[in-house]
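Taking the hints into account, I'd like the entire structure generated from these sequences.
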Amino acid sequence: MRFDFIASYVSAFTGPWWKFLYDFSLLTTPVHEWLNGSVSPFWTTVIEMVVVGVVFLLFYAVVGLFLVYAERKVCAFIQNRLGPNRIGPYGIFQTIADLVKLLFKEIIPIKNADSLLFNIAPYIVIIVNFMALAAIPYANGLHAIDFNIGIFYILAVSSMSVVGVLLAGWSSNSKYSLIGAMRSGAQIVSYELSIGLALITIVILSGTMQLSEIVEAQRTGWFIFKGHIPAIIAFIIYVISSTAEINRGPFDMAEAESELTAGYHTEYSGIKFAFFYLAEYINMFIVASIAATMFLGGWMPFHIGNLEGFNMVMDFIPPFIWYIGKTFFIIWIIMLFKWTFPRLRIDQLLTLEWKYLLPINLVNILVMSFLVLKGWHF
Amino acid sequence: MEEKVEIIATDEKQEFIVNMGPQHPSTHGVLRLVVSLQGETVKNIQPHIGYIHRGIEKMCESITYPQIIHLTDRMDYLSAHQNNESVCLLVEKALEVDIPDRIKVIRTIMSELSRLQSHQLFWATFGMDLGGQTCYFYGLRDREMILDIFEETTGGRMIVSYNCPGGLMYDIHPNFQKRVKDFIKYFRKKLPEYDTILTGNVIFRERTSGIGPLTLQDAISYGITGPSARASGLSCDVRKHEPYSAYDKVKFNEVLFSEGDTYHRYMARNDEMRQSMNTIEQLIDNIPEGPYAVKMKPVIKLPEGEYFQRVETARGELGLFVISDGNKNPYRVKFRSPNFVNLGVLNHLAKGFKIADLIAIAGSLDFVIPDMDR
Chain A
1097 MRFDFIASYV SAFTGPWWKF LYDFSLLTTP VHEWLNGSVS PFWTTVIEMV VVGVVFLLFY
1157 AVVGLFLVYA ERKVCAFIQN RLGPNRIGPY GIFQTIADLV KLLFKEIIPI KNADSLLFNI
1217 APYIVIIVNF MALAAIPYAN GLHAIDFNIG IFYILAVSSM SVVGVLLAGW SSNSKYSLIG
1277 AMRSGAQIVS YELSIGLALI TIVILSGTMQ LSEIVEAQRT GWFIFKGHIP AIIAFIIYVI
1337 SSTAEINRGP FDMAEAESEL TAGYHTEYSG IKFAFFYLAE YINMFIVASI AATMFLGGWM
1397 PFHIGNLEGF NMVMDFIPPF IWYIGKTFFI IWIIMLFKWT FPRLRIDQLL TLEWKYLLPI
1457 NLVNILVMSF LVLKGWHF
Chain B
453 MEEKVEIIAT DEKQEFIVNM GPQHPSTHGV LRLVVSLQGE TVKNIQPHIG YIHRGIEKMC
513 ESITYPQIIH LTDRMDYLSA HQNNESVCLL VEKALEVDIP DRIKVIRTIM SELSRLQSHQ
573 LFWATFGMDL GGQTCYFYGL RDREMILDIF EETTGGRMIV SYNCPGGLMY DIHPNFQKRV
633 KDFIKYFRKK LPEYDTILTG NVIFRERTSG IGPLTLQDAI SYGITGPSAR ASGLSCDVRK
693 HEPYSAYDKV KFNEVLFSEG DTYHRYMARN DEMRQSMNTI EQLIDNIPEG PYAVKMKPVI
753 KLPEGEYFQR VETARGELGL FVISDGNKNP YRVKFRSPNF VNLGVLNHLA KGFKIADLIA
813 IAGSLDFVIP DMDR
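These protein sequence lines are chains A and B, in that order.
When we follow our numbering, the leftmost residue of the first sequence carries the number 1097, and every step to the right adds one.
When we follow our numbering, the leftmost residue of the second sequence carries the number 453, and every step to the right adds one.
Source of the hints: derived by calculation from the structure; they are not laboratory data.
The structure presented is a predicted model; accordingly, all values stated were derived computationally and were not measured.
Keep in mind that a hint or two might mislead.
[Unchecked claim] Covered stretches of chain B (chain A as the covering partner; in silico rule of three or more C-beta atoms under 8 Å from a C-beta of chain A):
(1) 474–488
(2) 645–653
[Stated by the list, open to error] Each computed SDA-like pair below joins lysine to any residue, with the alpha-carbon atoms no more than 20 Å apart:
(3) Lys545(B) / Thr516(B)
(4) Lys641(B) / Gln1175(A)
(5) Lys1197(A) / Asn1176(A)
(6) Lys1201(A) / Ser1365(A)
(7) Lys641(B) / Ile1174(A)
(8) Lys806(B) / Arg1177(A)
(9) Lys637(B) / Leu592(B)
(10) Lys1201(A) / Ala1157(A)
(11) Lys1451(A) / Ile655(B)
(12) Lys1271(A) / Leu592(B)
(13) Lys803(B) / Leu592(B)
(14) Lys642(B) / Thr1436(A)
(15) Lys642(B) / Thr1357(A)
(16) Lys1271(A) / Phe805(B)
(17) Lys495(B) / Thr516(B)
(18) Lys1271(A) / Val486(B)
(19) Lys642(B) / Arg1177(A)
(20) Lys806(B) / Thr1357(A)
(21) Lys1271(A) / Lys545(B)
(22) Lys1451(A) / Val1285(A)
[What the hints assert, rightly or not] Below, a sample of chain A positions facing chain B; criterion: calculated Cβ distance under 8 Å:
(23) Gly1149
(24) Ile1174
(25) Gln1175
(26) Asn1176
(27) Arg1177
(28) Lys1271
(29) Thr1357
(30) Trp1435
(31) Phe1437
(32) Ile1442
(33) Gln1444
Glycine residues also receive a C-beta, built at the ideal position from the N, C-alpha and C atoms.
Following this line, the structure appears as structure tokens:
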């Protein structure tokens, strides 16, 4: 019978509907099998790519807009202001209105700009964002790609965003943009090192680079608790250097508005500016996601040893909520940085990286290796 | 023409010329700095002024003395009250008018309130120049309260025009004393917050201490005045050396440091806020009774001669020089404005430091551009 798959599909839905919240593969596996049974494997792949792509586009827009709104509310909270409060309840539609405005704005052509590079620079930044988003485990089974070098892949991909920034600064034919781009280049190249080493500390502890296994290994306890002091040091270094990596205050040298007006995107307008702006926030989301996954257990609930009742309550909260909660906690920390600290100078920024964070990191890796060799971690 | 030649010449030296301004977020107005850079390091700065030149000195030659007061508001708009006072003091000195104590005391309180709000705005914008945007909102929150006090008594918030030759435009508002006292009580509690968010911050210390040091020698030879000079140890407070209004009756300290770097220029202003509050507290309860203005002739004519009066504004020493030919209009007016003179030292201070330091140094000199151009 041609419609046999319907029976198998329906059978997947038996039981309480909320079980998908706890294991998303219960939903995706039957769909995948149904597709495989109905069309050729090639078309299965194509359809799945399109569906996942559309979902990511929506996710990207929603997260980006929400983070812009959240940032405005957080900074308003710190600065004794109200923040956006006119459009929609508590101003939640403000960013959508802003986006619509930016969509309709004229894109001003720049005289003597390298128009090809100038036009593709924002897209490079956006593409890199999507590539990094694909590898993050959002919940149990909610994972676009899961392969054995996941964290290595994310590091490799996210460091490519500097190409877009450099191209934007170089092609704008503006001196502020050029200085901003050069600063950004120096900054990202330096801090990429710290991020990599801080994550290697955790890779040593977990023994794998596959993100789903890293999360699974934290079922008995998050790595920040498991790894003693080296894991905490690695976490602090990671948060500092990832703030620098995404060009946010107090490390926002690349767009230092009081020195370089807007840095590398000074000359951009309309939706192209919006791309840079959104990419900045999605970058923040990505680094916070990695921090949550590597140090705070990703979507894994918080467990305390043999406290069964407590653990059951924690398990009841769906993994996606855990993941979002941890990610937004890190994002909140990064936002607090920006709105309470003055900006560093470029040479102080590089000094911090090469003279302090890097040596501490290297020693930290040694200590962690020693701990793992001796089996002293939990 | 000369400027063009020089820019081409520096270009051959492989220097990177950046035009900062006239529209730039950190020049606090329409100041244009032509900065030549080598990498991030500042090699040379050419300030270009005149974008907001209104010819105030020339305009003064065709208007009467009471009218001049309203132009002085528009020079250093953050020290509007002190600017007004300079004209009034000069006219009163020339005509040898005796000013009752009440007027003197109110003028002093108003001057100090002006200084306080100016330093609050300095603190706010200096924090923003260094990238700490929260400072801006903290500073403005407290400054609003002083502006409200001004508004209640004088009708204006920034452009007060409260003085007139022979006294004040109107008497103080009945609420004035209470509100000033309330404000001081409030601000004494808030000032430690300023230190928590900015002064004590390690990044702020790193960014400012040792940056753009101004020696006592240089401060004298460049003619720097105000808190910027006092941070280098130059005792130049007109309120101390040549007391006017009621400054001879109050006790306050001249804030002096010896280091003269950006951090101490900031600290000098920070401490002056405390001194201003002390001064106001001494006077606010002892405002004598009496008229708020002395009756002057309807048309004020200064006797033939040359007159000079200086006052201490929030940014330094404002000198007013007037030549009178006995008419109701002055023959020639010259303002020695503190900002114009202080700008001269910028190149000397910022040379060899980074772009970010240039912003910090310019911020610590606390420029008000309309005062440079007049």
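Here's how the hints hold up against the structure:
1. 474–488: With 3 residues close enough to chain A, the hint holds.
2. 645–653: holds (count 3)
3. Lys545(B) / Thr516(B): 17 Å, holds
4. Lys641(B) / Gln1175(A): Holds. Lys641(B) to Gln1175(A) sits at ~17 Å (cutoff 20 Å).
5. Lys1197(A) / Asn1176(A): 27 Å, violated
6. Lys1201(A) / Ser1365(A): 8 Å, holds
7. Lys641(B) / Ile1174(A): Given pair Lys641(B), Ile1174(A) holds - Cα atoms ~18 Å apart, limit 20 Å.
8. Lys806(B) / Arg1177(A): Cα-Cα ~33 Å, so violated.
9. Lys637(B) / Leu592(B): Given pair Lys637(B), Leu592(B) holds - Cα atoms ~17 Å apart, limit 20 Å.
10. Lys1201(A) / Ala1157(A): 18 Å, holds
11. Lys1451(A) / Ile655(B): Measuring from Cα to Cα gives roughly 16 Å; hence the hint holds.
12. Lys1271(A) / Leu592(B): 32 Å, violated
13. Lys803(B) / Leu592(B): Distance of about 32 Å is beyond 20 Å: violated.
14. Lys642(B) / Thr1436(A): 17 Å, holds
15. Lys642(B) / Thr1357(A): Between Lys642(B) and Thr1357(A) the Cα gap is close to 31 Å, so the pair fails against 20 Å, i.e. violated.
16. Lys1271(A) / Phe805(B): The given pair, whose Cα atoms are some 19 Å apart, holds under the 20 Å limit.
17. Lys495(B) / Thr516(B): It is violated: about 46 Å lies between the C-alpha atoms, which goes past 20 Å.
18. Lys1271(A) / Val486(B): At roughly 12 Å apart (the allowed maximum being 20 Å), Val486(B) and Lys1271(A) satisfy the hint.
19. Lys642(B) / Arg1177(A): It holds: about 17 Å lies between the C-alpha atoms, which stays within 20 Å.
20. Lys806(B) / Thr1357(A): 16 Å, holds
21. Lys1271(A) / Lys545(B): 53 Å, violated
22. Lys1451(A) / Val1285(A): With a Cα-Cα distance of about 15 Å, the restraint between Lys1451(A) and Val1285(A) holds, given a limit of 20 Å.
23. Gly1149: With a closest approach of 37 Å, the Gly1149(A) hint is violated.
24. Ile1174: 6 Å, holds
25. Gln1175: 4 Å, holds
26. Asn1176: Holds, about 6 Å.
27. Arg1177: Holds, because the Cβ-Cβ distance from Arg1177(A) to chain B comes to roughly 6 Å (cut-off 8 Å).
28. Lys1271: 5 Å, holds
29. Thr1357: 6 Å, holds
30. Trp1435: 5 Å, holds
31. Phe1437: 5 Å, holds
32. Ile1442: 6 Å, holds
33. Gln1444: 6 Å, holds
Hints 5, 8, 12, 13, 15, 17, 21 and 23, counting from the list given before, are not met by this structure.
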